[in-house]
Structure formats: structure tokens, C-alpha cells
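Visitor: Please put together the full structure from these sequences, using the hints given.
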Amino acid sequence: MNYTVFVILVLVSLTQIKGTNGEISNVIEDLKQGNEPTYDYYDSQEKETPQKKPDNDKDNFEKKMQELNKKVEEIKKKIKEAEGQKTLLEGATKTVNEIENDVKGNITELEKAMPKNDTAIKLLKEQLRRIEEVKTTNAIAYEGLTKKLEALKSELDKKEKEIEEEKKKQKEKEKEKQQEKEKEKEKQKEKEKNEAGENNKGKNFNKWHSLLFEAVKDKLSQFTDLLQSIEEKTTQMKKNLRNNNEILKGQTNEILRFVENKRRYPTHKCPLSKLKYPNY
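Residue numbers (mature numbering (1 follows the signal peptide of the UniProt record, and there is no 0)): -22 to -1, 1 to 258.
Incorrect hints may appear among the rest.
As the list claims (entries may be wrong) - EDC-like mimics (lysine to aspartate or glutamate), calculated; alpha carbons at most 16 angstroms apart, straight line:
#  : residue 1 : residue 2
1  : Lys139    : Asp37
2  : Lys145    : Glu45
3  : Lys42     : Glu138
4  : Lys36     : Glu154
5  : Lys72     : Glu110
6  : Lys155    : Asp37
7  : Lys42     : Glu144
8  : Lys131    : Glu51
9  : Lys151    : Glu51
10 : Lys131    : Glu61
11 : Lys48     : Glu144
12 : Lys146    : Glu40
13 : Lys41     : Glu154
14 : Lys82     : Glu61
15 : Lys41     : Glu144
16 : Lys151    : Glu40
None of these hints come from the bench; they were simulated from the model.
Guide: Below is the structure:
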């Protein structure tokens, strides 16, 4: 490998690795000073201030769900970014290791081919030293990113559990409300039943009175029909009696004439079969 090209490649690679992400530098500084790493995610979070719950539980629940879901999405975004940074760092570390192996190989070749070329060997060894620094930096950054991911995943788990808990609470509230509604319905039914009972007392009396009136009216009607029938039969009987009386009267007169004629005219014959008899 051409030495000049190799040195340029090393410097460019180191520059790219060192500038992989500005946030890594902050993590490294915190760790060097013995402090826990601070992350933009935590610094950007505002402290939640207790708010007055609206009277409408459903609206309050939906609002809280929106806030929690928004936080969950933010955490997921941060996790994705951190995982991306971690992947880049792993790739950069792999590249650094490859470069380190190349540099060590070049040093070995130079020491064999040009043992008196101290300048080139010193320069390559200086590159090895810088590579070691980058490797140390990368290791610290990797540790910081690992901790950051653990913290974010823990926070995500906490928020997801909080969402589930809120859903459970809301479900219980809805169940209680439904039970209250059922109780109110039962009370209303009982009230309507009692009111209907009071009203039915009067209604039942009126109904009984109406039925009695209809029964009496029906009986009166039947009695009227019976009287009319009796009256008609009586009239017919009177008519028949009058007719029979007329017939009997006529027959009686005829018998009397017959008797009188027999007395007067003993020899005269007059059959009684011609006499009319009343219709009974």
C-alpha cells in the first residue's frame, strides 16, 4: 500500500469516526468526569404539573391517552436514533480495527524493508496511538449508548404499563357507570310500576264498573227482548182466543139451532160433521 495514501486514509477515517455523532462527545465527557451521562431526551422532558381533572372522565381519559401515546412515540424515536448511533459506532469500531491491523502490518513491513526509516515508523506508531484513543473513545461512547438504550427501554416499558393501567381504570369506571345506569333504570321502572299501580286502582274500578254496566245493559236488553216476545205471544194468544171465541160462539149458535130444529122437526136430518170446531 502507498504510504501517503494510507496516511490520508487513516486521517479521513479517524475524522469520520470522531464526528459520527455530536452527542457521543457529551456522553464521553460525562463518563470521564465520573458523572452519569445526560441525554437530550431527559433534559427536554418537562416536569408534569398536576392538572385539575375535567368533570368528563371520558374526555380526561382520551386526553391522557394522547399525552401518553405522544411520549411513547417520542421514546420510540429516541430508541431508534440510539440504535442507529450504536450500529454506526459498531461499524466505525470495525473500521478502526481493520485500519489498526493495516497500520500494524505496515509498521512490520517498514521495519523489515526500511529499518532505518525512523520518521515513517514513528508516524505510523503515532497513528496507532491515535487509533487506540479512538478505540477508547468508541468504547466509552458504546457504553454510554448502551446505558441510554436501557434507560429509554425502561422508560418505554413504564409508559406502556401506565397506558395499560389507565385503560384498566377507565374500563372499571365505565363498568361502574353502567352499573349506576342499570340501578337508575331499575329505580325508574319501580317508580313507574308504583305509579301504574296507583293509576290502575282507579282504572280497575272504572273497568269493573264498565263491565258491570255492560252486563246489566246486556241483561236488560235480553229482558226487554223477552218482554217483547211475551207481549207478542200474548197478543197472538188474545187474537187466537178472540178467533176461537167467535168460532165457539158460531158453533154454539149452530148447535142451539140444531137442537131447536130437532125439537121442532124431529124427522129432519142435519149431520153434525158440518159443524165447525174451535182451533186449540
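Visitor: Given the proposed pairing of Lys36 with Glu154, does the C-alpha separation stay at or below 16 angstroms?
Guide: holds, 13 angstroms
Visitor: For the pair supplied as a hint, Lys131 and Glu61, is the alpha-carbon distance within the 16 angstroms limit?
Guide: Between Lys131 and Glu61 the Cα gap is close to 11 angstroms, so the pair holds against 16 angstroms.
Visitor: Does the structure keep Lys151 and Glu40 at a Cα separation of 16 angstroms or less?
Guide: At roughly 14 angstroms apart (the allowed maximum being 16 angstroms), Glu40 and Lys151 satisfy the hint.
Visitor: Regarding the pair Lys145 and Glu45, is the alpha-carbon distance no greater than 16 angstroms?
Guide: Cα-Cα ~14 angstroms, so holds.
Visitor: Holds or violated: Lys48 with Glu144, Cα cutoff 16 angstroms?
Guide: holds, 15 angstroms
Visitor: For the pair we were handed, Lys82 and Glu61, check the Cα-Cα distance against 16 angstroms.
Guide: violated, 31 angstroms
Visitor: Lys131 and Glu51: Cα distance at most 16 angstroms?
Guide: Since the Cα atoms of Lys131 and Glu51 sit roughly 12 angstroms apart, the hinted pair holds (cutoff 16 angstroms).
Visitor: Starting from Lys151, check that the Cα of Glu51 is at most 16 angstroms away, please.
Guide: Violated - the C-alpha atoms of Glu51 and Lys151 are around 27 angstroms apart, more than 16 angstroms.
Visitor: For the pair supplied as a hint, Lys42 and Glu144, is the alpha-carbon distance within the 16 angstroms limit?
Guide: holds, 9 angstroms
Visitor: Taking 16 angstroms as the top limit, are the C-alpha atoms of Lys139 and Asp37 close enough?
Guide: It is violated: about 21 angstroms lies between the C-alpha atoms, which goes past 16 angstroms.
Visitor: Hinted pair, alpha-carbon criterion (16 angstroms max): Lys41, Glu144. Please report holds or violated.
Guide: holds, 11 angstroms
Visitor: Holds or violated: Lys146 with Glu40, Cα cutoff 16 angstroms?
Guide: holds, 13 angstroms
When each numbered hint is compared with the structure, violations occur for hints 1, 9, 13, 14.
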